[in-house]
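If you're matching them up, the sequences are chains F and G in order.
Position 112 of the first sequence, counting from 1, maps to 112 under our numbering, and the rest follow consecutively.
Position 24 of the second sequence, counting from 1, maps to 1024 under our numbering, and the rest follow consecutively.
Everything labelled a hint here was simulated from the structure, so no lab data went into it.
Among the hints, erroneous ones may be present.
Unchecked claim - Not everything, but these chain G residues come out facing chain F in the computed CB check (under 8 Å):
| id | residue |
| --- | --- |
| 1 | L1062 |
| 2 | I1086 |
| 3 | Y1097 |
| 4 | N1101 |
| 5 | P1104 |
| 6 | P1115 |
| 7 | V1135 |
| 8 | D1174 |
| 9 | V1228 |
Virtual Cβ for every residue (Gly too), placed ideally from N, Cα, C.
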Amino acid sequence: MNFVALKMLTGDRAKYLALIFAIAFSTFLLENQTSIFAGILKRTGSQIRDVTEAAIWVMDRDTEYFEQTKALKDTDLNRVRGVDGVEWAVKLYKGAPVARTLAGKFATTFCLGVDDGTLTGAPRKMLLGSWERLWEPDSVVIDKAGYILLFPGEALQLGRTLELNDHKVTIVGISDASAPFVSWPVLHARYSLAVNFLGRERTQLSYVLVQPRAGVDVKALCARIEQKTGLRARTSAQFQWDCVAYYLKNTGIPVNFGITITIALIVGAVVAGQTFYLFTIENLKQFGALKAIGVTNWRLVGMVLLQAAAVGLIGFSIGTGMAAEFFNFFGQKLATRGIILMWQSVALTGGCMSFVVILASFLSLRRVLVLEPAIVFRS
Amino acid sequence: MNNNHLNSAVVCRDVRKSFGQGDAAVEVLRGVDFEAAQGKLTFLVGPSGCGKTTLISVIAGLLDKNSGEVELFGQGLETLTARERILFRRKNLGFVYQQFNLLPALTAAENAAVPLMAAGVTRAQAVDRAKALLVKLGLEHRLGALPEKLSGGQQQRVTLARALVHEPRLIVCDEPTAALDHATGEAVMELLAENAVHPERAVIVVTHDNRVFHFADAIAHMDDGRIVKTEVKREVETQVAPRLEMNARVVEAV
Chain F
1 MNFVALKMLT GDRAKYLALI FAIAFSTFLL ENQTSIFAGI LKRTGSQIRD VTEAAIWVMD
61 RDTEYFEQTK ALKDTDLNRV RGVDGVEWAV KLYKGAPVAR TLAGKFATTF CLGVDDGTLT
121 GAPRKMLLGS WERLWEPDSV VIDKAGYILL FPGEALQLGR TLELNDHKVT IVGISDASAP
181 FVSWPVLHAR YSLAVNFLGR ERTQLSYVLV QPRAGVDVKA LCARIEQKTG LRARTSAQFQ
241 WDCVAYYLKN TGIPVNFGIT ITIALIVGAV VAGQTFYLFT IENLKQFGAL KAIGVTNWRL
301 VGMVLLQAAA VGLIGFSIGT GMAAEFFNFF GQKLATRGII LMWQSVALTG GCMSFVVILA
361 SFLSLRRVLV LEPAIVFRS
Chain G
1001 MNNNHLNSAV VCRDVRKSFG QGDAAVEVLR GVDFEAAQGK LTFLVGPSGC GKTTLISVIA
1061 GLLDKNSGEV ELFGQGLETL TARERILFRR KNLGFVYQQF NLLPALTAAE NAAVPLMAAG
1121 VTRAQAVDRA KALLVKLGLE HRLGALPEKL SGGQQQRVTL ARALVHEPRL IVCDEPTAAL
1181 DHATGEAVME LLAENAVHPE RAVIVVTHDN RVFHFADAIA HMDDGRIVKT EVKREVETQV
1241 APRLEMNARV VEAV
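All chains should be built: construct the whole structure from the sequences, respecting the hints.
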């Protein structure tokens, strides 16, 4: 009877396509919005994630997220180095100077000053040039998106000049740095150079990057650093989640996306659910004929669930394909780079759509199960 | 009424059925006594609303009666559980409806094969058997057609094939000619008489179409929820020819 169930489903082409598209577009909308939401929040930790050499970030005790820094004392670096279990610790500066081109174009930048001696924290994914050239005098590495923002329509080219706080610097590399939360260019320079890009403050040290000795438990070392120095120490992953939590708590992002996602879910559920419900109700007489013939209620339940599974699976697959193609296309755009279709989003949407379709099935099944087969004799 | 119970496929005794409750209750069957014999075409006739359809729904186990007894081939329906009744119906009953009730997405052959598929026969085997029957009913050129592409008479022949394909012992027909013009109705009744009637099978036809009464071996007249008169063709009683034209001259009131 599975054959009969599937033929009943596909036989009415208009309703079948309406069902498929209702589920497909709901799937697309849900996967799209949840992935963009997660992708945007993930960007809040981009600069933390890009630093692959250090496992621990040490900062002021009150720091809540990456952009919110209160300068540490230079002596804090040595205090951290003195904690048992630390293999090495280096300093990192984060500032937001304005960069100008010779043509007069300017933009506020995300500037990271990396340790002069080791260049720890320099971008490792390079598109042009090399991060080692940061050792050259007055040199910076800029990310591709930042380059295009400051030099619109021009080919990627090394050797170009930027001016930051009256300091002329040369672009020696173009990186593929992860997109920051705000669409600012990402600059990398040596620490000693970067601190001059903004007005000089008494203290400049933003973060201390720490790598534990081999075999040392990272979280235990964080706790030890906090205890010994009074500073805040977080693993790279913890610090990224701190940023996400901060933005969730203090911005309108979750509300905006939450509304969109909720509406997508409700609209999807209502449209897909109602279409499937009506499909079953309009076929009640057919189900009645099958009942009269001697098809059991359990078999009818199986048939309706098979129909639900079929439209659910096909609609979900089409919707996921559309979402994948969307992110494949927009993932190559500068503004939306790095935002991908997340498997968690696909799984979550799959669960939601399954729930919707199963709910609609059971609502309509009630009518099928209590249906008097004698309905077939009514003209 | 034919009193030969040994030959009776269907026996109803004092069957009552009402719809609604309390003051709104309407008693549709008011103590029906009815029999249908194996090997015969038994017509159930009467005015609209007299309870014909309710009676065959009860006989077929599609509706529960309030009281009385219904026996099909010696099996009391009330002794069966709900599931047993469904399985009994699947095996022993075939239906022909006024509105055909074909599944619009299935071809003629697939529609006719549904009872076999419901009984667990593989699709290929079921469709093959259905095709053979449809060929016998003169639909060899319409086997793959969807119901919407078939005329009323062709659809009724598919319905007939669906009723016969699993070789049931009782066929219940509800106004099989009501949606058809006279010539087509006549043709469908001829096919029904030729193919459905079998020594071990009973056929009950509900109709108010007196143009096809001549196909009947027996006619039970119903009115106001009761069987008020039963006519049996003389030839039936003497076990001669199963069907001859029924008219006033050969019909005998019992």
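Verification of the hints:
1. L1062: holds (4 Å)
2. I1086: This interface hint holds because 5 Å falls under the 8 Å limit.
3. Y1097: holds (6 Å)
4. N1101: holds (4 Å)
5. P1104: At 6 Å from the nearest chain F Cβ, P1104 of chain G passes the 8 Å test, so the hint holds.
6. P1115: Nearest chain F Cβ about 5 Å off; hint holds.
7. V1135: violated (22 Å)
8. D1174: holds (5 Å)
9. V1228: violated (21 Å)
In summary, the numbered hints that this structure violates are 7 and 9.
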